[in-house]
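Following the hints, put chain F in place on chain B, whose structure we already have.
2 protein chains.
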Amino acid sequence: MVEVNWAELIQKKRAARDALIPEPWRLPTSITSRVSPESTASAFDLLDEAALLTDKEREITEKYDVAGLTAKIASGELSSVEVATAFCKRAAIVHQLTNSLTEIFFDKALERARWLDEYFAKEGKTIGPFHGLPITLKDMLHVKGEYSTLGYVGHLRYPAADETAVIAEILQNAGAVLYCKTNVPQTLFVCESFNNVFGRTLNPYRLCLSPGGSSAGEAAQIGLRGSIIGIGSDIAGSVRVPALCTGLYGFKPTVNRLPWAGQAVLADKGWQGVQPTLGPMAHTPQDLTLFMRTVIQAEPWRRDATALAIPWHEPAKKDKLTIGVWSQDPDFPVFPPVARCIAAAAEKLRAAGHTVKTVQAPPTLRAMKIAMRWFAIDQVNLPLKLAADGGEEPIADLDAMDPRKFLDPDFAPSLAENIAISADIHDYREDWGKIWREAGIDVLLCPASRGSAVPHGEFGPLMYTIPWNLLDVCFPSHPCYLNLLLLLLDSSQEQYHDATIVDGAPTGFQLVGWRFQDEQTLMATEVIAEALKA
Amino acid sequence: MVEVNWAELIQKKRAARDALIPEPWRLPTSITSRVSPESTASAFDLLDEAALLTDKEREITEKYDVAGLTAKIASGELSSVEVATAFCKRAAIVHQLTNSLTEIFFDKALERARWLDEYFAKEGKTIGPFHGLPITLKDMLHVKGEYSTLGYVGHLRYPAADETAVIAEILQNAGAVLYCKTNVPQTLFVCESFNNVFGRTLNPYRLCLSPGGSSAGEAAQIGLRGSIIGIGSDIAGSVRVPALCTGLYGFKPTVNRLPWAGQAVLADKGWQGVQPTLGPMAHTPQDLTLFMRTVIQAEPWRRDATALAIPWHEPAKKDKLTIGVWSQDPDFPVFPPVARCIAAAAEKLRAAGHTVKTVQAPPTLRAMKIAMRWFAIDQVNLPLKLAADGGEEPIADLDAMDPRKFLDPDFAPSLAENIAISADIHDYREDWGKIWREAGIDVLLCPASRGSAVPHGEFGPLMYTIPWNLLDVCFPSHPCYLNLLLLLLDSSQEQYHDATIVDGAPTGFQLVGWRFQDEQTLMATEVIAEALKA
Chain B
1 MVEVNWAELI QKKRAARDAL IPEPWRLPTS ITSRVSPEST ASAFDLLDEA ALLTDKEREI
61 TEKYDVAGLT AKIASGELSS VEVATAFCKR AAIVHQLTNS LTEIFFDKAL ERARWLDEYF
121 AKEGKTIGPF HGLPITLKDM LHVKGEYSTL GYVGHLRYPA ADETAVIAEI LQNAGAVLYC
181 KTNVPQTLFV CESFNNVFGR TLNPYRLCLS PGGSSAGEAA QIGLRGSIIG IGSDIAGSVR
241 VPALCTGLYG FKPTVNRLPW AGQAVLADKG WQGVQPTLGP MAHTPQDLTL FMRTVIQAEP
301 WRRDATALAI PWHEPAKKDK LTIGVWSQDP DFPVFPPVAR CIAAAAEKLR AAGHTVKTVQ
361 APPTLRAMKI AMRWFAIDQV NLPLKLAADG GEEPIADLDA MDPRKFLDPD FAPSLAENIA
421 ISADIHDYRE DWGKIWREAG IDVLLCPASR GSAVPHGEFG PLMYTIPWNL LDVCFPSHPC
481 YLNLLLLLLD SSQEQYHDAT IVDGAPTGFQ LVGWRFQDEQ TLMATEVIAE ALKA
Chain F
1 MVEVNWAELI QKKRAARDAL IPEPWRLPTS ITSRVSPEST ASAFDLLDEA ALLTDKEREI
61 TEKYDVAGLT AKIASGELSS VEVATAFCKR AAIVHQLTNS LTEIFFDKAL ERARWLDEYF
121 AKEGKTIGPF HGLPITLKDM LHVKGEYSTL GYVGHLRYPA ADETAVIAEI LQNAGAVLYC
181 KTNVPQTLFV CESFNNVFGR TLNPYRLCLS PGGSSAGEAA QIGLRGSIIG IGSDIAGSVR
241 VPALCTGLYG FKPTVNRLPW AGQAVLADKG WQGVQPTLGP MAHTPQDLTL FMRTVIQAEP
301 WRRDATALAI PWHEPAKKDK LTIGVWSQDP DFPVFPPVAR CIAAAAEKLR AAGHTVKTVQ
361 APPTLRAMKI AMRWFAIDQV NLPLKLAADG GEEPIADLDA MDPRKFLDPD FAPSLAENIA
421 ISADIHDYRE DWGKIWREAG IDVLLCPASR GSAVPHGEFG PLMYTIPWNL LDVCFPSHPC
481 YLNLLLLLLD SSQEQYHDAT IVDGAPTGFQ LVGWRFQDEQ TLMATEVIAE ALKA
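So the sequences go chain by chain: B and F. Counting from 1, one number per residue, gives the positions in the first sequence under my numbering. Counting from 1, one number per residue, gives the positions in the second sequence under my numbering.
Just chain B, same shape as in the assembly (with noise of 0.2 Å):
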C-alpha cells in the first residue's frame, strides 16, 4: 500500500482552487490578513474596503431578485457575459472574504455566457426563463469535469464527475450559468462549516459567527451576493439553519419534489432514515418560487425516478391567512432576539388582518430522540466512513449531533427498533396533524433555533428543524410539513453568552406548511413577506 500524504493532498487542492481566481480578482494582503474564524470584521465591510467592484458590477450584483435580472438580461439590457463576469468576480472576492467555494470553473461559466449572448443576439429571444442566470451549487451536486470531494480527505483521490446533477441540467436547459460551487462541513450532519479539506467557511456579517450548515457556502456566497441564488439541502436543517445565519430565504420542500440524482454518495443504497432534499437560498420569497415553479414545471420526473411526478399548481393568493404561532419550547427557551423577532411579526401579521392563532406543539424533545433512534439504526454511518477512509477524525463540531446524547443507554438497532421507531414517527405527526386540523392554520411560524448566527461550532442541537425533517417522512399516513425561513431583521442580539459578539446578525424563524402543500406554503410565505415589509 502506497503512502498518501494528505497534507501534501490537501494543500494542492487549496492552491488548484485559488489559482483559479484571476490575479485582478484577489484582494489585497491588506484585506485578507483581517479574515479569520476570529475575525470580528464584517465582509460587508471589507468588501466595500477592497473597493475592486465597479458600480456596474455592484449594481448587477446588488440590485436585482431572480426575475429582476432575468428581466435584464431578456430584454438585453444586461448581456449573459457582464452578468457572468460580475459574479464570478464577486463569488471571487466573497470567497476570499469566507472561505466558501470548493469548486471554481469561472471559465466555463463565461464560456456558457457567450453562447447565451451569441444565441440571444441570433435568434432574438432566450433559451429559458433563467437565461444568463448565475446559480451556486452546494458541493454534493455533480457537475461533469468538476470535483464533489465533499471537504473529505479521501475523496482527493477521487476522479472528477463524469455526469452532472439533473436539477443542474434542468437549470441549464433554463439558461443557468454554473460557475462555482459551495463548501460544507463534513459528513454534512452539522449545522457549521469546517472540514479538513477546505477549512471552515465564515459567516459575511461577522467573520467569527458561523454561517450555520450545512449548506455554509451557499449562505456566504448567497449572503454576501456572490450569489443570487443557490442549491443546498436540508436532512435536519442545513438549508434553513444557514439562511436563519445569513439573512435569506431558505425553502426545504417536501421530499422528493426536486430531484436528486446525480450526488456524492453520503447514504448507502437502502437508507431508510431520515430523508433529506434539495433546496433553493435566495433573497426573495418569490425567487423560491420562481426556483420551484422552473424546476418542477420542467418535469424532473421525466429524467430522474426519484423526482415525484407531482406537476406544479398555482395556488389561489389568499389575502386573509390563518396563521398559527408556536412561539418556543419552554424546555429549550430562545434567546430575547428570536422571542422578539416571533412576536413583532404575529403583531404585524395580526395588524394586518391575518388571524394569528397561538398553538402548542409537543415537546420537541420527543422529535430529537425519534430521530436519533433513526439516524443511528444506521450501522454503516457512511459519511464518517469516508471520513475515516482519509485518515480523519470527526470533527469537534459533531458532537452536538451525537446521537449517543439522546438515545437510551441500551438502544440497540434491529428490525423490531425500526418498526418502533416508525411506529413512534406515526403517534407524533398523529399529534401534529390534530393541533393542525383543530386550529385550521394555513401556515405555522415558529423558531428555526434558539438564536440565530452563533460563534463558530457553538450552534448545538437542532432542537427546532428536526422536527419537521422527522415529519417529512415518505412513510405512507402521516402529516408532513416543509419548512422555510423568513428573516426579519433584529438589530439588538442579547443572546446567550456574549450579546455584543452577535450584535447585528440576522434573526428569523421559520414558516412550516403541510407536507405537499410547497405552492400553498411559498404563496402564504409571499404574503406574510409583504405584511412584514409594510
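If you are wondering where the hints come from, they were derived from the structure by calculation, not from laboratory data. Ideal placement from N, C-alpha and C gives every residue a C-beta, glycine not left out. Just to be clear, a hint being listed does not mean it is correct.
EDC-like mimics (lysine to aspartate or glutamate), calculated; alpha carbons at most 16 Å apart, straight line [as the list claims (entries may be wrong)]:
1) F:K269 to B:E417
2) F:K385 to F:D268
3) F:K320 to F:E530
4) F:K269 to B:E430
5) B:K72 to B:E82
6) F:K269 to B:D431
7) F:K269 to B:D427
8) B:K269 to F:E417
9) B:K269 to F:D424
10) F:K320 to F:E347
11) B:K369 to B:D410
12) F:K56 to F:E77
13) B:K385 to B:D268
14) B:K369 to B:D408
15) B:K144 to B:D162
16) F:K72 to F:E62
17) B:K269 to F:E430
18) F:K269 to B:D424
19) F:K317 to F:E526
20) B:K144 to B:D107
21) B:K318 to B:E526
22) F:K369 to F:D331
23) F:K144 to F:D162
24) B:K269 to F:D431
25) B:K269 to F:D427
26) B:K108 to B:E146
27) B:K72 to B:E59
28) B:K317 to B:E526
29) B:K56 to B:E82
30) B:K320 to B:E347
In silico negatives: residues of chain B with every beta carbon more than 10 Å from chain F [said to hold, decoys possible]:
31) S75
32) Q297
33) A343
34) K385
Then chain F, alone, in the frame of chain B:
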C-alpha cells in the same frame, strides 16, 4: 375462560344479516337452490328469471353511470328514495345470487335518502355532486354503528364501529347514500373470496368462477349492478383483479392520494412493507375520474393525516397518446384470450392514431420475490394472528400467496434484510424508470393476470399485479406506478384447463401510469376506452 361456540356465532351473524332483507325482496327456492360455488349458472340469467325488479328499478340500476344517475336526481326526475330503494333491492337480490354482502343497513339508507329528498325540496338544490348516489363499501371500512368483521370469526365478539371511515364521511358530505358493506377473503391477502364467517362470494358471470379478490363482494355487486360504484382496496391486486374478473373498471391510485383512516386494522403500527390503498370500482373510466376528483377536491388531508395534500389537477386531454405495450412475461405466459385482448387493443389504438411501442419488462418473478421478502419481514403477521384469535386455520386459498414459495431457504427477517429489500426495490424501480423514460410513454398497457376469472381457489399468485404495488412505495428516490384495469370483452375463452368453464367471462388488461400521475392516467384511460369502443 368461557368456551365460545363459534359455529353458533357464525350462524347468528348470517341469520341477522339475511333477516335485514325485506320479505318481498327474497328470491324463491326455485332460484336460490341453483346458487352454489359449483353452479355453472349465470347470475344475470337468474336475476332475469326471478323478475323481482320493476322496469323502473331496472332502468335506475342499469341505464346510468354515476354522472348520469346523479344528473337525474339533481334535475328532480328521480328521487333519492327511488334510487336508494332500487339499489337496496337489487343489492339484496345480487347478494342472494352471489353471497356478496357482509353488513346491510338499508333502513339507514332510506332514512338518509328521505332526508336528501326533503333537503332538495326545501332548498331547491343538491347537497353535493353525489346527492342521492348509493355507494358500496368493502367490509374493512368502518361505518358508525355497523360491524367490520372482515370475515374473521374472532371479530364476531367485537363491538360495532364507533366511527365512520374518513373517505365514507367525505362521500356522505358530497351526498352519497351508504347502504351495505361487501365480502372479502380471510386476511384479504389473496385474490379469492372465501372466509369462515360469510363463506364464498360468487362471480355473477358464472357462479362457479371466482369474482377475484380481495374486493370480491364489491366486484360481484357492481358487476351485477347491485351497486353502481364502490370502494375496494389494493395491496397486491385486490382492486384490479376483481375488476378484471367481473368486467369492471378498477383504479389503484398512488398510495395515500385517498384517505385511509377509519378502518378495521390489518397491520401493526409501524408496518413498513408493501403499502395498500383504497380505490374505486365502477362501470366507466369517467366514473373513476369523478370519484377521485370528488374525494380529492374535498381536501381529505384536512381530516386525515394519511392523505397527501396534493390538490386535484385537471390534465389537458391528449388526443394522441404514446402507449407502451408489455404483452407478457415469457416465464408466466398469458392465456389466449388475454393475448388476443391485448393484441386487439394495441391494433385498435394504433389504428386510432396513437403511438404504440412494445416494451420489454424485467422478470415478474424478480418483483414477486422482493415483495414476498417484504411481506415476510413482518413477523407479527397480524392478518393470520386475527384468524387464530377465532380458532381459524389459514384458508386453503392462501397457499398460492405463501411467501415461502418465493423465499430463499435461508431467509431470515432482520434489519439488514430490510435494508437489502429497500435496495433491491430501488434497483427494480430504477430499471422500470429507465424503460419508461426511454420509451417516453404516457401509460403502459399490460396483462393484469395470466387469464381472467377462474374457478374458485385457482387464481394463483399475483404475478402481473404485484410489481406495481411494489413500485408504488413511499420510499424516496424511485419511479412508482399506479394501475387500473380496462375491460375488453372476449367471447371465446380457451383458458388454461377447461375453456368451457370460463367461456363468456370478461377479459381485460391493466393500464399503468407513473406514480402520482393519477389524473393523467385516468385521462389516458378515458381516451383509450373511447378508442376501443369505436
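We went through each hint and held it up to the structure:
{"no.": "1", "hint": "F:K269 to B:E417", "result": "holds (13 Å)"}
{"no.": "2", "hint": "F:K385 to F:D268", "result": "holds (11 Å)"}
{"no.": "3", "hint": "F:K320 to F:E530", "result": "holds (12 Å)"}
{"no.": "4", "hint": "F:K269 to B:E430", "result": "holds (12 Å)"}
{"no.": "5", "hint": "B:K72 to B:E82", "result": "holds (11 Å)"}
{"no.": "6", "hint": "F:K269 to B:D431", "result": "holds (15 Å)"}
{"no.": "7", "hint": "F:K269 to B:D427", "result": "holds (9 Å)"}
{"no.": "8", "hint": "B:K269 to F:E417", "result": "holds (13 Å)"}
{"no.": "9", "hint": "B:K269 to F:D424", "result": "holds (9 Å)"}
{"no.": "10", "hint": "F:K320 to F:E347", "result": "holds (15 Å)"}
{"no.": "11", "hint": "B:K369 to B:D410", "result": "holds (14 Å)"}
{"no.": "12", "hint": "F:K56 to F:E77", "result": "holds (12 Å)"}
{"no.": "13", "hint": "B:K385 to B:D268", "result": "holds (11 Å)"}
{"no.": "14", "hint": "B:K369 to B:D408", "result": "holds (9 Å)"}
{"no.": "15", "hint": "B:K144 to B:D162", "result": "holds (5 Å)"}
{"no.": "16", "hint": "F:K72 to F:E62", "result": "holds (14 Å)"}
{"no.": "17", "hint": "B:K269 to F:E430", "result": "holds (12 Å)"}
{"no.": "18", "hint": "F:K269 to B:D424", "result": "holds (9 Å)"}
{"no.": "19", "hint": "F:K317 to F:E526", "result": "holds (9 Å)"}
{"no.": "20", "hint": "B:K144 to B:D107", "result": "holds (14 Å)"}
{"no.": "21", "hint": "B:K318 to B:E526", "result": "holds (10 Å)"}
{"no.": "22", "hint": "F:K369 to F:D331", "result": "holds (14 Å)"}
{"no.": "23", "hint": "F:K144 to F:D162", "result": "holds (5 Å)"}
{"no.": "24", "hint": "B:K269 to F:D431", "result": "holds (15 Å)"}
{"no.": "25", "hint": "B:K269 to F:D427", "result": "holds (9 Å)"}
{"no.": "26", "hint": "B:K108 to B:E146", "result": "holds (11 Å)"}
{"no.": "27", "hint": "B:K72 to B:E59", "result": "holds (12 Å)"}
{"no.": "28", "hint": "B:K317 to B:E526", "result": "holds (9 Å)"}
{"no.": "29", "hint": "B:K56 to B:E82", "result": "holds (9 Å)"}
{"no.": "30", "hint": "B:K320 to B:E347", "result": "holds (15 Å)"}
{"no.": "31", "hint": "S75", "result": "holds (31 Å)"}
{"no.": "32", "hint": "Q297", "result": "holds (12 Å)"}
{"no.": "33", "hint": "A343", "result": "holds (29 Å)"}
{"no.": "34", "hint": "K385", "result": "holds (15 Å)"}
Every hint from the earlier list agrees with this structure, and none is contradicted.
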